[in-house]
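As you go down the protein sequences, you meet chains A and B in turn.
Each residue of the first sequence is one higher than the last, beginning at 1 in my numbering.
Each residue of the second sequence is one higher than the last, beginning at 209 in my numbering.
Some clues are possibly wrong.
The following label-pair restraints were derived from C-beta to C-beta distances [unchecked claim]:
1) Ala371(B) <-> Ser170(A): 18 to 24 angstroms
2) Ile86(A) <-> Lys381(B): 29 to 35 angstroms
3) Ala163(A) <-> Lys234(B): 38 to 44 angstroms
4) Glu304(B) <-> Ile86(A): 55 to 61 angstroms
5) Asp132(A) <-> Lys368(B): 27 to 33 angstroms
6) Asp329(B) <-> Glu203(A): 28 to 34 angstroms
7) Glu39(A) <-> Ser331(B): 40 to 46 angstroms
8) Glu244(B) <-> Lys49(A): 55 to 61 angstroms
9) Glu192(A) <-> Glu244(B): 32 to 38 angstroms
10) Ser123(A) <-> Pro239(B): 37 to 43 angstroms
11) Ser170(A) <-> Lys381(B): 14 to 20 angstroms
In short, the hints are calculated from the structure, not lab data.
These numbers were taken from a predicted model, which means no experiment stands behind them.
Even for Gly, the Cβ is constructed at its ideal location relative to N, Cα and C.
Protein chains: 2
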Amino acid sequence: MSKKVIITIDRQYGSGGRAIGEKLAKDLGIPFYNKEVTEMAAKQSGMSKEVFDKVDETAASSLLYSVVTGAYMFGNHVPPTLDLPINDKLFIAQTEVIKSLANEGSCVIVGRCADYILRDDESVVNIFIHADLPVRLERAIKEYQLPPEKAEAQLNKIDKTRANYYHYYSGEKWGNSFNYKLCIDSGMLGIEGSVAVIKAFIEQRNTK
Amino acid sequence: MSKKVIITIDRQYGSGGRAIGEKLAKDLGIPFYNKEVTEMAAKQSGMSKEVFDKVDETAASSLLYSVVTGAYMFGNHVPPTLDLPINDKLFIAQTEVIKSLANEGSCVIVGRCADYILRDDESVVNIFIHADLPVRLERAIKEYQLPPEKAEAQLNKIDKTRANYYHYYSGEKWGNSFNYKLCIDSGMLGIEGSVAVIKAFIEQRNTK
Chain A
1 MSKKVIITID
11 RQYGSGGRAI
21 GEKLAKDLGI
31 PFYNKEVTEM
41 AAKQSGMSKE
51 VFDKVDETAA
61 SSLLYSVVTG
71 AYMFGNHVPP
81 TLDLPINDKL
91 FIAQTEVIKS
101 LANEGSCVIV
111 GRCADYILRD
121 DESVVNIFIH
131 ADLPVRLERA
141 IKEYQLPPEK
151 AEAQLNKIDK
161 TRANYYHYYS
171 GEKWGNSFNY
181 KLCIDSGMLG
191 IEGSVAVIKA
201 FIEQRNTK
Chain B
209 MSKKVIITID
219 RQYGSGGRAI
229 GEKLAKDLGI
239 PFYNKEVTEM
249 AAKQSGMSKE
259 VFDKVDETAA
269 SSLLYSVVTG
279 AYMFGNHVPP
289 TLDLPINDKL
299 FIAQTEVIKS
309 LANEGSCVIV
319 GRCADYILRD
329 DESVVNIFIH
339 ADLPVRLERA
349 IKEYQLPPEK
359 AEAQLNKIDK
369 TRANYYHYYS
379 GEKWGNSFNY
389 KLCIDSGMLG
399 IEGSVAVIKA
409 FIEQRNTK
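Model the full assembly from the supplied sequences, consistent with the hints where possible.
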């Protein structure tokens, strides 16, 4: 693969988005970043990984700080001593990490508003993976050992948190096709099939 | 292609969705239906093609009738003499045509809520095609000869009508990725590239 590509993958919980991203990165021979982004953000900001893990992909509960974060995102410097909620500190630290990873070369990045953070980068192909509820339930119970009786509520809660998080930092609607280059229902194709379709997309894009 | 597939394509105006559907049908050697659905609906219902053309893919302006249409859609018979708005008469006639076309075998159907009408048909792969505004504007001006100074307003008006139409009859949000098996931004790949990705999707689906 000669042309640089940053593939960002956002995903419904249980849709297999992470697994798809992992397989895709392996097939394309490029790095894969998921939780690693949070680890790097902790390391670079000197914050605790455990604290960051707790608020990963979660919006700050207060709207008060969004103006400040917004100012940061639009290029103004925020003094690092400013007492932002931990969620916003994580977002700011992840922003630095994601921009720096994208600068290094082709890669796959899962979640964490990477597509929004890299919205001006023309090498980005942003992808959204979703699936019908029964497919996601089956996967969540089997792969993530969610207790069957609690799985649906848990899954909906996680997706609501992800949607809020995406909307809070990007101002955009999570899962609205207009925001993504490619959206796939993984339920029809499974992991391997979805990877094949994404590879076809990247291949076509590389010929342009 | 051995496995039956009904490919429904909904699309933003100027995104090339129709052209993509046409090329796809040709490549797969299956029939393509766009305006033809409306022509057949006129023929079968004994209504005027010209009258139907005027309200094609447009929702009735009154909400009053949606209950009646809803009753029809959920399986209750509506007497043909009932004085429904012409939009609803067209929708009902198109519903019959689309169901009958889907029964005949593999095909590509553009717009007209075909994915919603065939929502219980497991052979359906429903697709949404969109593109950024500059791409759609260029296409609308070049291919559909929209006057450049009026193109953006005209394009937004048509898409608003399509979104209303889809929501009115399906109750779902037009362009929300969760409702489609595959959504593609055609701006990055063009017509040929988008067709190649859809073919990859169908190929993967045929192996399941």
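Here is how each hint holds up against the structure:
1. At roughly 21 angstroms, the beta-carbon separation of Ala371(B) and Ser170(A) lies within the given 18 to 24 angstroms, and the hint holds.
2. One distance hint, 29 to 35 angstroms for the beta-carbon pair Ile86(A) and Lys381(B), holds here, with the actual separation near 33 angstroms.
3. Checked against the hint of 38 to 44 angstroms, the pair Ala163(A) and Lys234(B) passes, with Cβ atoms roughly 39 angstroms apart.
4. About 58 angstroms separates the C-beta atoms of Glu304(B) and Ile86(A), a value consistent with the hinted range of 55 to 61 angstroms.
5. Between Asp132(A) and Lys368(B) the Cβ separation comes to about 28 angstroms, which falls inside the hinted range of 27 to 33 angstroms.
6. Between Asp329(B) and Glu203(A), the C-beta spacing of about 31 angstroms keeps the proposed range 28 to 34 angstroms intact.
7. Between Glu39(A) and Ser331(B) the beta carbons are some 45 angstroms apart, a value that agrees with the proposed interval 40 to 46 angstroms.
8. Taking 55 to 61 angstroms as the suggested C-beta distance range, the pair Glu244(B) and Lys49(A) conforms, at roughly 60 angstroms.
9. Taking the beta carbon of each, Glu192(A) and Glu244(B) are about 36 angstroms apart, inside 32 to 38 angstroms as hinted.
10. At roughly 39 angstroms, the beta carbons of Ser123(A) and Pro239(B) sit within the given window of 37 to 43 angstroms.
11. Against the hinted window of 14 to 20 angstroms, the Cβ-Cβ separation of Ser170(A) and Lys381(B) comes to about 18 angstroms, which satisfies the hint.
Hint compliance for this structure: no hint is broken.
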